[in-house]
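A.B. asks: Sequence:
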Amino acid sequence: MKKNNVFLFSLLFSLFYLQAGAQVVFMKTLGTSTTSLEEARKIIRTPDGNYLVVGYIADDANSLNRDALVFKVSSNGVILWEKKYGGANWEEFYDVVYQGGYYYCVGYTRTWVKGTNGSPNNLNADVFLVKLGLDGTIAWAKNMGRPSNGTSATDGNDIGLSLTGAAQGGVVIGLRINSGNNTNQNTGMLWVDANGRTKWAYQFDTPNNSVANELTYGIWQDANRNFITGGYYNDFITSSSLMYKVNDAGTLLWSRKNKANLGAAGVFDSQYFGFYSNKTGKIYSTDFFNQTTSSIREAQVMTNKSSDGTVPPNGTIPKARRFYYGSPNNANDNYRGIVMPTGDGQDEFILTFYSLNAANGTTRYATVVSMTTDLVVQWSRQIGFANLNNQINSIVTCEGNSKDLVAVGTVTNTSGNKDILLVRFPSSPATSASCALTDNSGNDTLGITSAAYALSRINLNTTNCSPCWADNKTISGVTVTTTSLSETSTCTTPPPMLPAEYNYIDPLACPDAGCAENLKISINQQPQELYFEITDLTGDYVYERLYATDKQSIENVKQKLASGYTFAEMGLKKGTYVWEVEAIYEGLKGMERKTGEITMQ
Numbered sequence: 002m003k004k005n006n007v008f009l010f011s012l013l014f015s016l017f018y019l020q021a022g023a024q025v026v027f028m029k030t031l032g033t034s035t036t037s038l039e040e041a042r043k044i045i046r047t048p049d050g051n052y053l054v055v056g057y058i059a060d061d062a063n064s065l066n067r068d069a070l071v072f073k074v075s076s077n078g079v080i081l082w083e084k085k086y087g088g089a090n091w092e093e094f095y096d097v098v099y100q101g102g103y104y105y106c107v108g109y110t111r112t113w114v115k116g117t118n119g120s121p122n123n124l125n126a127d128v129f130l131v132k133l134g135l136d137g138t139i140a141w142a143k144n145m146g147r148p149s150n151g152t153s154a155t156d157g158n159d160i161g162l163s164l165t166g167a168a169q170g171g172v173v174i175g176l177r178i179n180s181g182n183n184t185n186q187n188t189g190m191l192w193v194d195a196n197g198r199t200k201w202a203y204q205f206d207t208p209n210n211s212v213a214n215e216l217t218y219g220i221w222q223d224a225n226r227n228f229i230t231g232g233y234y235n236d237f238i239t240s241s242s243l244m245y246k247v248n249d250a251g252t253l254l255w256s257r258k259n260k261a262n263l264g265a266a267g268v269f270d271s272q273y274f275g276f277y278s279n280k281t282g283k284i285y286s287t288d289f290f291n292q293t294t295s296s297i298r299e300a301q302v303m304t305n306k307s308s309d310g311t312v313p314p315n316g317t318i319p320k321a322r323r324f325y326y327g328s329p330n331n332a333n334d335n336y337r338g339i340v341m342p343t344g345d346g347q348d349e350f351i352l353t354f355y356s357l358n359a360a361n362g363t364t365r366y367a368t369v370v371s372m373t374t375d376l377v378v379q380w381s382r383q384i385g386f387a388n389l390n391n392q393i394n395s396i397v398t399c400e401g402n403s404k405d406l407v408a409v410g411t412v413t414n415t416s417g418n419k420d421i422l423l424v425r426f427p428s429s430p431a432t433s434a435s436c437a438l439t440d441n442s443g444n445d446t447l448g449i450t451s452a453a454y455a456l457s458r459i460n461l462n463t464t465n466c467s468p469c470w471a472d473n474k475t476i477s478g479v480t481v482t483t484t485s486l487s488e489t490s491t492c493t494t495p496p497p498m499l500p501a502e503y504n505y506i507d508p509l510a511c512p513d514a515g516c517a518e519n520l521k522i523s524i525n526q527q528p529q530e531l532y533f534e535i536t537d538l539t540g541d542y543v544y545e546r547l548y549a550t551d552k553q554s555i556e557n558v559k560q561k562l563a564s565g566y567t568f569a570e571m572g573l574k575k576g577t578y579v580w581e582v583e584a585i586y587e588g589l590k591g592m593e594r595k596t597g598e599i600t601m602q
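So the sequence shown is numbered by my numbering: it starts at 2 and just counts up by one.
For the record, the hints were derived by calculation from the structure and aren't laboratory data. Note that CB positions come from ideal geometry on N, CA and C, so glycine has one too. There could be a bad hint or two in this list.
[What the hints assert, rightly or not] Label pairs and their in silico Cβ distance ranges:
1) S467 <-> N196: 19 to 29 angstroms
2) S477 <-> N51: 26 to 36 angstroms
3) Y544 <-> I45: 50 to 60 angstroms
4) A224 <-> V377: 15 to 25 angstroms
[As the list claims (entries may be wrong)] Okay, derived cross-link-like pairs now, DSSO-like style, lysine-lysine, Cα gap no bigger than 27 angstroms in a straight line:
5) K306 <-> K283
6) K521 <-> K561
7) K474 <-> K521
8) K280 <-> K306
9) K84 <-> K73
10) K200 <-> K474
11) K521 <-> K574
12) K561 <-> K575
13) K574 <-> K552
14) K595 <-> K561
15) K260 <-> K306
16) K595 <-> K574
17) K260 <-> K283
18) K559 <-> K521
19) K552 <-> K521
20) K474 <-> K404
21) K574 <-> K561
22) K280 <-> K260
23) K73 <-> K404
24) K575 <-> K552
25) K84 <-> K474
26) K474 <-> K561
27) K283 <-> K404
28) K280 <-> K404
All chains, please: the whole structure from these sequences, using the hints.
C.D. replies: And the structure:
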């Protein structure tokens, strides 16, 4: 950029960016090899304006040694550091929060378990909670779970799925608890303080029912710092979405079951993911809905009152909305959804859907939908790579604003191997690039019925037990190893200069002997912005500069360029001069730029 052109060129580039810059900033797959497994489950912003991502990493698809993965990445997609955490068996992370100057990561471990069938048998699992410094060093780690000597992979298979910061310090964890077999999986919450001590721990279960699943996944807080979680209830006869709220002492405040319906009642409803809006005082949650058969899942978003968990009355806002592809109730379109707020989460939130039944290596894009808190769709699009199964698991806003979104997830290839998907794209309806395709998802409003639901609370932090389900002990021996994630493919915003795509600017040849000292330029496409200049070789002195944005001015500049310049008539001395012309065309993305030199003999 020439020194004396800073203002005008900056203006022109800004105008270009508004038109063509609303594209994917970067999209990458990150992995360690073509046969390995890596997945990213959660991304958060760090205090220094970068991002922290958690998930897991394994040497190959059949590896019995997975390690929990944490890596830090800049807003430009540059990996700053990456580390893995674990022992001799499987460890994975599902969630991370920043609290009190530390990162808390939660998932599960099969190395440290309260029972006899952990490492090396790879059966039982315990909740795995690790507190990390800002550089990834371990402050402490602990395991929590049901003491079990069972030989089933589901007996005592306890997993920490979600985290939120506690007002009194430390974190509250959302749990999946296996109480003996696969037909009795329960939900739970526990509070662990900043020193690793368990303050309270509770399992929530249907009274006198040993063959039902009550499972929740996400955890979020309302304006009073109460804790809300959602999921589903299923006794293999009936099913409904399940949601409940507890206070900071773990006391159950309410529990609700909600049933979505569209014509015939759905056979399965789930509300795994959600958040609370301070603006509306309502809960927004999503997962999937089955209208007629459990094998067809269509993504849905639902809203509830935070005060008691009921659905809003008719006429306020839609109670729920579902999303499908092509025709509704289609067995080939089997989707679930995740909801997350953008910005402050008060005026807009983002849904992301992914296919449950996509074959490995098929082109299945992750779908992103922007909605208002009135459940009005603002825009939707598909994100991902061709010939891969793309899944987005977590999204945050970039650099503290809602203009760009940064997302992480997973891509699966034809062999079933998985890499991490990392993508930054604008939060606007204008996105258009080869790696961000327009979506054609349909949506319908759903009706909802709501009823109180009774859960019993079981104390997991009992006294006089050895070992206890949840205690104050921390564990040692967790190894921290630097790993290396490499970029296997990228998709970035096209550069602003696109001569390969646009070739409408034509410097005309002339037949006479003085042609080298003459300049004519023809533009064979109508621009909406046109810029031209002639300078000396250094660019410090401008002999001619033209800039036009309205129709008549653009036409005048085109005619002047077409009639040409005779440098001798301009009084130019012997030497070399530089010319440059730039054009932006209506309906076309990018800027065409051509430049050249003329030498006066």
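A.B. asks: Hey, K575 versus K552, does the alpha-carbon distance stay inside 27 angstroms?
C.D. replies: violated (36 angstroms)
A.B. asks: For the pair we were handed, K574 and K561, check the Cα-Cα distance against 27 angstroms.
C.D. replies: holds (22 angstroms)
A.B. asks: Hint check: K280 vs K404, CA-CA at most 27 angstroms. Holds or violated?
C.D. replies: holds (20 angstroms)
A.B. asks: With a cut-off of 27 angstroms on the C-alpha distance, tell me whether K559 and K521 pass.
C.D. replies: holds (10 angstroms)
A.B. asks: Is 26 to 36 angstroms right for how far apart the beta carbons of S477 and N51 are?
C.D. replies: holds (30 angstroms)
A.B. asks: Keeping to a limit of 27 angstroms between CA atoms, is the pair of K84 and K73 held or broken?
C.D. replies: holds (9 angstroms)
A.B. asks: Holds or violated: K474 and K521, Cα atoms, limit 27 angstroms.
C.D. replies: violated (82 angstroms)
A.B. asks: Assess, step by step, whether the Cα of K260 is no farther than 27 angstroms from the Cα of K306, and give holds or violated.
C.D. replies: holds (15 angstroms)
A.B. asks: Is the hinted pair K521 and K561 satisfied, with a Cα-Cα distance of at most 27 angstroms?
C.D. replies: holds (9 angstroms)
A.B. asks: Using the C-beta atoms of Y544 and I45, is the stated range 50 to 60 angstroms upheld?
C.D. replies: Once the Cβ atoms are compared, 54 angstroms apart, the range 50 to 60 angstroms for I45 and Y544 holds.
A.B. asks: Take a quick look at whether K280 and K260 sit within 27 angstroms of each other, Cα to Cα.
C.D. replies: Cα-Cα ~25 angstroms, so holds.
A.B. asks: If you draw a straight line from the CA of K73 to the CA of K404, is it 27 angstroms or shorter?
C.D. replies: Satisfied, since the Cα-Cα distance of roughly 21 angstroms is no more than 27 angstroms.
Checked against the numbered hints listed earlier, the structure breaks hints 7, 13, 20, 24 and 26; every other hint is satisfied.
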